[in-house]
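Residue numbers (UniProt numbering), protein chains in the order written: chain A, 1 to 260; chain B, 1 to 260.
Hints were generated in silico from the structure; no laboratory data involved. Possibly wrong hints are sitting among the right ones.
Claimed, not checked - Listed next, with one range per pair, are the computed distances between beta-carbon atoms:
1. A/Ser118 <-> B/Gly195: 55 to 65 Å
2. A/Arg147 <-> B/Asn216: 50 to 60 Å
3. A/Ile144 <-> B/Asp245: 20 to 30 Å
4. A/Arg147 <-> B/Val254: 40 to 50 Å
5. B/Arg250 <-> A/Glu169: 47 to 57 Å
6. A/Leu194 <-> B/Glu146: 30 to 40 Å
7. B/Ala139 <-> A/Glu169: 48 to 58 Å
8. A/Glu146 <-> B/Ala27: 38 to 48 Å
9. B/Arg198 <-> A/Arg114: 49 to 59 Å
10. A/Glu192 <-> B/Arg250: 53 to 63 Å
Unchecked claim - Here are the simulated SDA-like pairs of lysine to any residue, each with C-alpha atoms no more than 25 Å apart in a straight line:
11. A/Lys67 <-> A/Trp108
12. A/Lys224 <-> A/Glu119
13. B/Lys101 <-> A/Ala251
14. B/Lys151 <-> A/Phe92
15. B/Lys168 <-> B/Asn248
16. A/Lys220 <-> A/Pro177
17. B/Lys101 <-> A/Arg126
18. B/Lys247 <-> A/Lys67
19. B/Lys233 <-> A/Gln63
20. B/Lys220 <-> A/Ala27
21. B/Lys75 <-> A/Lys224
Unchecked claim - Going by beta-carbon spacing under 7 Å, a handful of chain A positions derived as facing chain B:
22. Glu26
23. Ala27
24. Gln32
25. Ala35
26. Leu49
27. Tyr52
28. Glu55
29. Pro59
30. Leu90
31. Phe92
32. Pro235
33. Val253
34. Val254
35. Ser255
Beta carbons are placed, not taken as given, at the ideal position from N, Cα and C, and that holds for glycine.
Chain by chain, the residues:
Protein chains: 2
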Amino acid sequence: MRARVAPVGSSALKLSAKQDLPGGWEAGGFAQKLAYVYARKMDVINRGLGGYNSEWGIPAFEQMFTKDKTGTHPKCKLLTIWFGANDACLPFSNQHVPLDKYQQNLTWMVQALRTPSSEYYAPWTRIILLTPPPIQVDAWAQHIAERDPPKDMDRTWENTKAYADAAKEVARELRVPVVDAWDAIWKAAGEETLGLTRFLSDGLHLTREGYEVVYNELIKVIEKEYPELHYDKLPLILPAWDTVDPKNPRASVVSHYVDV
Amino acid sequence: MRARVAPVGSSALKLSAKQDLPGGWEAGGFAQKLAYVYARKMDVINRGLGGYNSEWGIPAFEQMFTKDKTGTHPKCKLLTIWFGANDACLPFSNQHVPLDKYQQNLTWMVQALRTPSSEYYAPWTRIILLTPPPIQVDAWAQHIAERDPPKDMDRTWENTKAYADAAKEVARELRVPVVDAWDAIWKAAGEETLGLTRFLSDGLHLTREGYEVVYNELIKVIEKEYPELHYDKLPLILPAWDTVDPKNPRASVVSHYVDV
Numbered sequence: 001m002r003a004r005v006a007p008v009g010s011s012a013l014k015l016s017a018k019q020d021l022p023g024g025w026e027a028g029g030f031a032q033k034l035a036y037v038y039a040r041k042m043d044v045i046n047r048g049l050g051g052y053n054s055e056w057g058i059p060a061f062e063q064m065f066t067k068d069k070t071g072t073h074p075k076c077k078l079l080t081i082w083f084g085a086n087d088a089c090l091p092f093s094n095q096h097v098p099l100d101k102y103q104q105n106l107t108w109m110v111q112a113l114r115t116p117s118s119e120y121y122a123p124w125t126r127i128i129l130l131t132p133p134p135i136q137v138d139a140w141a142q143h144i145a146e147r148d149p150p151k152d153m154d155r156t157w158e159n160t161k162a163y164a165d166a167a168k169e170v171a172r173e174l175r176v177p178v179v180d181a182w183d184a185i186w187k188a189a190g191e192e193t194l195g196l197t198r199f200l201s202d203g204l205h206l207t208r209e210g211y212e213v214v215y216n217e218l219i220k221v222i223e224k225e226y227p228e229l230h231y232d233k234l235p236l237i238l239p240a241w242d243t244v245d246p247k248n249p250r251a252s253v254v255s256h257y258v259d260v
Numbered sequence: 001m002r003a004r005v006a007p008v009g010s011s012a013l014k015l016s017a018k019q020d021l022p023g024g025w026e027a028g029g030f031a032q033k034l035a036y037v038y039a040r041k042m043d044v045i046n047r048g049l050g051g052y053n054s055e056w057g058i059p060a061f062e063q064m065f066t067k068d069k070t071g072t073h074p075k076c077k078l079l080t081i082w083f084g085a086n087d088a089c090l091p092f093s094n095q096h097v098p099l100d101k102y103q104q105n106l107t108w109m110v111q112a113l114r115t116p117s118s119e120y121y122a123p124w125t126r127i128i129l130l131t132p133p134p135i136q137v138d139a140w141a142q143h144i145a146e147r148d149p150p151k152d153m154d155r156t157w158e159n160t161k162a163y164a165d166a167a168k169e170v171a172r173e174l175r176v177p178v179v180d181a182w183d184a185i186w187k188a189a190g191e192e193t194l195g196l197t198r199f200l201s202d203g204l205h206l207t208r209e210g211y212e213v214v215y216n217e218l219i220k221v222i223e224k225e226y227p228e229l230h231y232d233k234l235p236l237i238l239p240a241w242d243t244v245d246p247k248n249p250r251a252s253v254v255s256h257y258v259d260v
């Protein structure tokens with residue numbers, strides 16, 4: 001199978017419009033933007049799990065990276081890990097994960113792929129951590145108050161910030177490249193709560209513009225840390241049509257085999 | 001690996017904006033729209049090969065469906081085959097494929113998956129053929145005249161129509177469901193050349209509105225012919241977050257295993 005880039009994570013990859021679907025596959029979403037630039041180079045397999053925290057992410061992760069019957073791993077070249085937005089819920093919430101446990105969970109995921117004795121060992125998989133984006137407290141409070149039944153406010157700005165910092169700490173300790181979505185969005189918002197409106201649809205989930213900011217940061221990190229995986233560096237699968245030899249198309253198509 | 005829906009074909013899956021990339025992965029494109037509705041149900045693996053005809057499509061097809069070292073096929077649940085727009089080029093063009101050869105090629109692809117003795121035999125793969133969309137001759141003539149160097153006009157309305165009819169004939173003979181993109185777009189255009197402007201960007205490639213028309217037809221065909229593969233009928237991979245048991249998350253995530 002073709003090499004993959006797999007975004008794995010929580011609601012940051014979720015659809016903004018339809019709350020029941022996971023994603024980033026909407027027009028302008030994170031997965032769509034990646035699939036566009038990696039078209040015919042790497043397949044984007046989106047494993048965004050809306051509402052998940054890093055604790056629930058671990059058994060999900062295990063299933064995603066389990067070897068098949070032949071002992072072959074899914075061939076994931078680039079993995080982005082993006083949990084934290086739900087971990088950062090306040091302790092009364094079912095989604096809450098304590099800060100140190102959140103860090104342990106991220107560490108577990110990275111080490112699962114990096115440790116030779118791990119059954120998920122995959123030294124060919126390049127990893128990038130993402131921090132949760134900031135939240136716009138008033139918008140989110142209003143959003144969950146309008147639910148039926150209404151829910152208590154379950155997040156604070158400061159708490160999400162603490163989880164973003166914690167993710168960066170893990171990245172630093174494990175020497176994993178990090179996309180600081182929190183910082184990028186907060187700066188784009190002019191470091192003002194009201195400025196967040198353009199980037200967050202309901203105070204929590206990203207808008208098109210929010211995805212754009214995070215996507216741009218991700219591409220910058222790929223270019224700097226894993227330049228060989230930048231989309232401009234990867235070969236096209238199968239030859240471009242105007243390089244096919246019309247007199248001997250089979251030979252020229254086959255000669256260009258790069259793992260479809 | 002997760003079951004796939006794989007659109008395979010030529011420039012009809014290509015990007016409209018960037019001529020050098022294949023796709024349908026643009027916002028509003030064919031692959032993006034499918035990935036959105038099949039999110040967390042089936043992965044969309046886009047094998048649109050811009051500029052390809054059905055003749056060049058065969059060695060590409062063989063590579064896509066070759067068994068791996070263990071004898072396992074790629075697990076493709078739904079395959080759409082969409083060639084013809086380039087086959088229908090006039091005979092002087094390198095992309096031209098004679099009408100009867102075009103029909104043989106489509107037949108070969110379908111039979112490769114359906115014939116038990118075929119090395120590509122995959123009885124679990126549901127197949128849908130698509131006809132090439134109509135072309136807007138004046139717009140395409142202008143488009144290729146503006147190239148550097150300018151190219152001779154290589155397509156006619158009638159010829160593309162003949163290839164669309166030929167694809168339908170193959171579908172009828174082999175009893176493969178067909179999405180008549182030609183007819184759907186032509187009807188949406190009020191059966192008038194000028195009406196095509198909304199649906200074709202350069203006289204040949206689909207706009208967002210063009211993709212919308214074809215996508216809607218495809219979903220109708222799936223619903224009628226392969227209802228078990230309609231996105232509403234497929235289970236979500238991994239449980240929805242609000243059904244995870246917070247007291248025993250691992251057990252409840254694992255219990256819901258459906259092949260990630």
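Hints that the structure is at odds with (numbers, increasing): Checked against the structure, the hints that fail are numbers 2, 4, 5, 6, 8, 10, 12, 14, 15, 17, 18, 21, 30, 31, 32 and 35, while the rest are satisfied.
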